[in-house]
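Each chain, written out:
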Amino acid sequence: MHIHAFDQFRAHASALHRLDPRVKVLLTVGYILSNALLPDGSWLAFAAAWLLLLWSNERAHLGLGYTFKRSFVAFPFAIAAISAIFSPSGNSLAEWNLGFVTLVPTDFGVVRFFSILVRSWLSVQMAILLVTTTQFPDLIHAFEHLKAPRTLTTIIAFLYRYLFVLTDEAYRLMRAREARSAGLPGFKRGGSLFWRAKITGEMAGQLFLRSYERSDRIYNAMLARGYTGHIRTLNPHTMQHSDWLTLFFSIPVLLLIQLIGWYR
Amino acid sequence: MLLSPTPLHIPDGFLNLVISLIFWVATISMVGLAISKTNKTLGEKQIPLMGVMAAFIFAAQMLNFPVAGGTSGHFLGGALAAMVLGPWAGILVMTAVIAVQGLLFQDGGLLVMGANIFNMGILTAVIGFGLYRMVGGAKKGLRLTIAGAAAWLATMAAALLTALQLWLSGTSRLEIVLPAMLGVHILIGIGEAVITVAALAFIERTRPDLLNAEKTAASGGRGWIMAGILVSLLAVLISPLASGSPDGLERVAADLGFLGDGQASSYQILPDYTIPLLGETALSTIFAGIVGALILMGLLVLLGRSLRKAGSGK
Amino acid sequence: MPVKHPSTQQFILPDCEGDILKIEKLNFAYPDGHIALRDVSLNLCSGDKVALVGPNGAGKSTLMLHLNGILRGEGDLTIGNLPISDEQLPLIRALVGVVFQNPDDQLFSPTVFDDVAFGPLHMGLPEDEIYQRVAQALDAVQMADFGERLSHHLSMGQKKRIAIATVLSMQPQILILDEPSAGLDPRARRALINLLRELPQTMLVSTHDLHMVRELFPRMIIMDEGRVVADGPTGKLLVDATLLEAHGLEMP
Chain A
1 MHIHAFDQFR AHASALHRLD PRVKVLLTVG YILSNALLPD GSWLAFAAAW LLLLWSNERA
61 HLGLGYTFKR SFVAFPFAIA AISAIFSPSG NSLAEWNLGF VTLVPTDFGV VRFFSILVRS
121 WLSVQMAILL VTTTQFPDLI HAFEHLKAPR TLTTIIAFLY RYLFVLTDEA YRLMRAREAR
181 SAGLPGFKRG GSLFWRAKIT GEMAGQLFLR SYERSDRIYN AMLARGYTGH IRTLNPHTMQ
241 HSDWLTLFFS IPVLLLIQLI GWYR
Chain B
265 MLLSPTPLHI PDGFLNLVIS LIFWVATISM VGLAISKTNK TLGEKQIPLM GVMAAFIFAA
325 QMLNFPVAGG TSGHFLGGAL AAMVLGPWAG ILVMTAVIAV QGLLFQDGGL LVMGANIFNM
385 GILTAVIGFG LYRMVGGAKK GLRLTIAGAA AWLATMAAAL LTALQLWLSG TSRLEIVLPA
445 MLGVHILIGI GEAVITVAAL AFIERTRPDL LNAEKTAASG GRGWIMAGIL VSLLAVLISP
505 LASGSPDGLE RVAADLGFLG DGQASSYQIL PDYTIPLLGE TALSTIFAGI VGALILMGLL
565 VLLGRSLRKA GSGK
Chain C
579 MPVKHPSTQQ FILPDCEGDI LKIEKLNFAY PDGHIALRDV SLNLCSGDKV ALVGPNGAGK
639 STLMLHLNGI LRGEGDLTIG NLPISDEQLP LIRALVGVVF QNPDDQLFSP TVFDDVAFGP
699 LHMGLPEDEI YQRVAQALDA VQMADFGERL SHHLSMGQKK RIAIATVLSM QPQILILDEP
759 SAGLDPRARR ALINLLRELP QTMLVSTHDL HMVRELFPRM IIMDEGRVVA DGPTGKLLVD
819 ATLLEAHGLE MP
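Chains as they are written, first to last, in this note's numbering: chain A, 1 to 264; chain B, 265 to 578; chain C, 579 to 830.
Just chain A, with the same shape it has in the complex (with noise of 0.2 angstroms):
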């Protein structure tokens, strides 16, 4: 169905694609970081950032703006940070007197304001490479050899792949209420926000129980397999001489960065 679509995995022979998935999960939350601790206003360096990004884009054969195109997400929240451009602290840029309230965007405001939206942006561009050339369950496995706890991968690993198979079901379940919410000429339509929001409780319930059962049939085919309570897997992944050299190599480029941020 058309929820594959949610999958952003691309496929392509590229030596990002080849890299070790622990390699490009420590990458990505070092990029994250770094642009964490870069101060406000650091444009210099943040551009220094953006220009590693697009070269990462290449690198992965993905096209230049390929990140850029899907980095839109996280801007519905960039409303949270607007009244950062009205911070007590700096210097009025000028008064905008609205009636009821007096607005004063300062200059630290706004550079508080666009280095969040810049962070922002940034780290989620980097996130959006990782799972671009990153196989979902090759991240899991990175995850595992990174000593996350067993019982949570292998959660993830099943919610990965019942994901779909349940987001199916809740499709079918809204098509089947959307096939059944006719209209009469002069009757009101669609009953109480409460009564609707019932019956989607109920389809919840209905998801529950039919998750619930299907659980126990999954623990019964792993049962019929061996399952004895402790999850197994295997995890083809070893780290090649360039996946070491990668990672060092990418140490003193988040160090450079850091400096043009601090020292401008």
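These are computed hints drawn from the structure, not numbers from a lab.
Bear in mind the structure is a predicted one, so any value in this text is a computation, not a measurement.
A hint or two may mislead.
[Claimed, not checked] As a list, the in silico DMTMM-like pairs of lysine to aspartate or glutamate whose alpha-carbon atoms are at most 25 angstroms apart:
hint, chain 1, residue 1, chain 2, residue 2
1, C, Lys600, C, Asp809
2, B, Lys479, A, Asp168
3, A, Lys69, B, Asp371
4, B, Lys309, C, Asp809
[Said to hold, decoys possible] FRET-style restraints, in silico, Cβ to Cβ:
hint, chain 1, residue 1, chain 2, residue 2, range
5, A, Met174, C, Gly761, 18 to 24 angstroms
6, C, Glu726, A, Leu98, 57 to 63 angstroms
7, A, Arg172, B, Ile493, 39 to 45 angstroms
Ideal placement from N, C-alpha and C gives every residue a C-beta, glycine not left out.
We have chain A already, so just place chains B and C on it with the hints.
Positioned in the frame of chain A, the structure of chains B and C alone reads:
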């Protein structure tokens, strides 16, 4: 777009490093505790059950219902998960959901994931389960009413904590973000409450064996009732205080060293904290984060111990 | 392509005197009181290919869950010479491969490789052998290149074949399949029938597909309301209109 980011999934960049780290530590401790707890109580069946339940929450979050003017109500599910699966399993399920949303769909950031898990998975479990557990043996009507109230309160508390985190990170002004967050979530919370109650009622009607009082009691000790009531009270007390006189809260935070007037000092968590050698650089930020995290870890270990005691004493 | 059985061969019992599988007076009731099996007795010989038919709710799936000890009813059940008991359970699960009806329940790992490797991994085999067995099993269901594929990207027919591979990798002596041809389009069904014909294992297959029964299985067992009501050559039973009609079946 089908996966519309809810106002609670904080992206990277909106929380500063110290706040991010503090909530990572809190989340990791609680998740670690949850893993050891579920290993003991749920047995070998737990893994597929929690895995499929995580997929269920994920899918249920897609069930939307039209509210008004093109917006639609969404479902968080943290309270419901804790009520039907028990608090520990609920926490793990929500952790997996939020991790996958952040990793796979960039719905919520990676560095701030600790905070997201804490707000939407742990806080909702404590309030949701704590209050529900309190009325475990009561009549159906009362039980469902409390469940609905708990789901609403859990959503509000998550919104409150998100607002506080944004403010402490210097991202938002408290007097704006707090009423905005709470205002939006009054409505979202009602949707959450109705869906939670309807789902619980449906499950009780069709599979009463999954929701009986003994099962609820077995999945979390009496300590949860205390924790639930305490956290709920805290949320109920802070909200009007903070929205009524944000200046007051601001002063408290400034006294504690969270808020300064300069940009870099907004990171400081320890009062009058300086390391001459490091100065105000990234290093000192990291160091402050580590110290803050260690303090919090100590507090959480104490909390975990008392919860465990309360749990075994039931 | 023949599948080799190097490591489980030794547990196989003497020449068939009826019994790679022997069930005597098996009874089972679910916790809610519903009685699912009543005095079920049957034998399978090594190399048998047997169809299990009957209306929904006849107890076919319940019976299948007993064959590798997921459900434990009252009565005698032996696999080879092994009675079902807690100590023998791991071995029995290696000897009896159960393929469930819905491949979305059977395939629970993110990738095809992970799923086919699950059984061998839990048998504690060394890594080289696991890789080898996964390759063999995928080869046997003609899906050799699918190891790295994600399960949710597969078609129904592909999922069913991979589901069979997940138990072939354990190299079982007996294959139990629950409605393998259900939900398949004609082409995928044909491919599945050809696959089942080629697999050398002893087979017990529950199905509503009587055309497939006539084509593949020399012997059939009819169950209804928890009992075995007929057990004999397919050629004879499938022409007995009264018998079929009495148990909700239609002559193919």
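Here is what the structure says about each hint:
no. : hint                                    : verdict
1   : Lys600/C x Asp809/C                     : holds, 14 angstroms
2   : Lys479/B x Asp168/A                     : violated, 30 angstroms
3   : Lys69/A x Asp371/B                      : holds, 16 angstroms
4   : Lys309/B x Asp809/C                     : violated, 37 angstroms
5   : Met174/A x Gly761/C: 18 to 24 angstroms : holds, 22 angstroms
6   : Glu726/C x Leu98/A: 57 to 63 angstroms  : holds, 59 angstroms
7   : Arg172/A x Ile493/B: 39 to 45 angstroms : holds, 40 angstroms
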